[in-house]
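Trainee: Sequence:
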Amino acid sequence: RNMADQIVYQTRRTLDENEDKLDASDLEPVREKLTELEALVQDGDGKPIDDDAMDEAAIQAKVKEVEESMHAISSKLYEAAAAEMAEAENNEGDGDINVESDDVVDADFEVVDEED
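The numbers in the numbering used here rise by one with no breaks, and the one at position 102 of the sequence shown is 110.
Because the hints were derived from the structure by calculation, they are not lab data. Treat the hints loosely; a few may be bogus.
What the hints assert, rightly or not - Simulated restraints, written as ranges between beta carbons of each label pair:
| # | residue 1 | residue 2 | range |
| --- | --- | --- | --- |
| 1 | K55 | L30 | 25 to 33 Å |
| 2 | V120 | E27 | 56 to 64 Å |
| 3 | A65 | P37 | 17 to 25 Å |
| 4 | T43 | S82 | 49 to 57 Å |
| 5 | K72 | E95 | 22 to 30 Å |
| 6 | D13 | A96 | 34 to 42 Å |
| 7 | T22 | E122 | 49 to 57 Å |
| 8 | S82 | V120 | 53 to 61 Å |
| 9 | P56 | A90 | 36 to 44 Å |
| 10 | Y17 | E64 | 29 to 37 Å |
| 11 | K72 | L30 | 18 to 26 Å |
Just so it is clear, the structure is predicted and the values come from calculations on it, not from any experiment. For every residue, glycine included, the Cβ atom is placed at its ideal position computed from N, Cα and C.
Using the sequences and the hints, build the whole thing.
Mentor: Here it is, written out as structure tokens:
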């Protein structure tokens with residue numbers, strides 16, 4: 009049960025944090041699996057089911073389904089992040105940036121080593 013609760017929490021958090029980066033068609037199947045997993049460990053009121061009434065095999069199977077779905081989403085997020093970084097690196101090298109400002113002061117300085 010603890011593992012299932014932890015998977016539900018982490019997965020929902022990841023989905024919420026990256027909702028703007030993913031299509032609804034990617035999110036909906038995972039959310040459905042999360043709801044199904046919650047139904048295996050909670051009653052209709054959201055209270056934990058007694059350990060004796062839980063179906064461990066069904067919980068483990070559903071956890072595996074959620075994890076597999078999240079692997080696919082994580083891959084998409086990773087690919088999107090890599091594409092953004094590559095685009096940013098390409099944009100940094102485009103053209104020479106020459107900014108002139110009147111606020112710049114050229115100055116000479118000398119390092120003075122003070123001995124006590």
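Trainee: Could you run down the list of hints and mark each one as holding or not?
Mentor: Evaluated hints:
Checking the proposed 25 to 33 Å range against K55 and L30 shows it holds: the Cβ atoms sit about 31 Å from each other. Separated by about 57 Å at the C-beta atoms, V120 and E27 satisfy the suggested range of 56 to 64 Å. One distance hint, 17 to 25 Å for the beta-carbon pair A65 and P37, holds here, with the actual separation near 22 Å. At roughly 20 Å, the beta carbons of T43 and S82 sit outside the given window of 49 to 57 Å.
Restraint check, K72 to E95: a C-beta distance of roughly 35 Å breaks the suggested window 22 to 30 Å. Between D13 and A96 the beta carbon distance is about 38 Å. The supplied range of 34 to 42 Å therefore holds. In this structure the hint that T22 and E122 lie 49 to 57 Å apart at CB holds, the actual value being about 55 Å. Range check, S82 to V120: Cβ separation about 55 Å, and the 53 to 61 Å hint holds.
In this structure, P56 and A90 meet the distance hint of 36 to 44 Å, their C-beta atoms being roughly 40 Å apart. Judged by the Cβ atoms, the range 29 to 37 Å given for Y17 and E64 is violated: they are separated by roughly 20 Å. For the hinted restraint 18 to 26 Å between K72 and L30, the CB-CB distance of approximately 21 Å keeps it satisfied.
In summary, the numbered hints that this structure violates are 4, 5 and 10.
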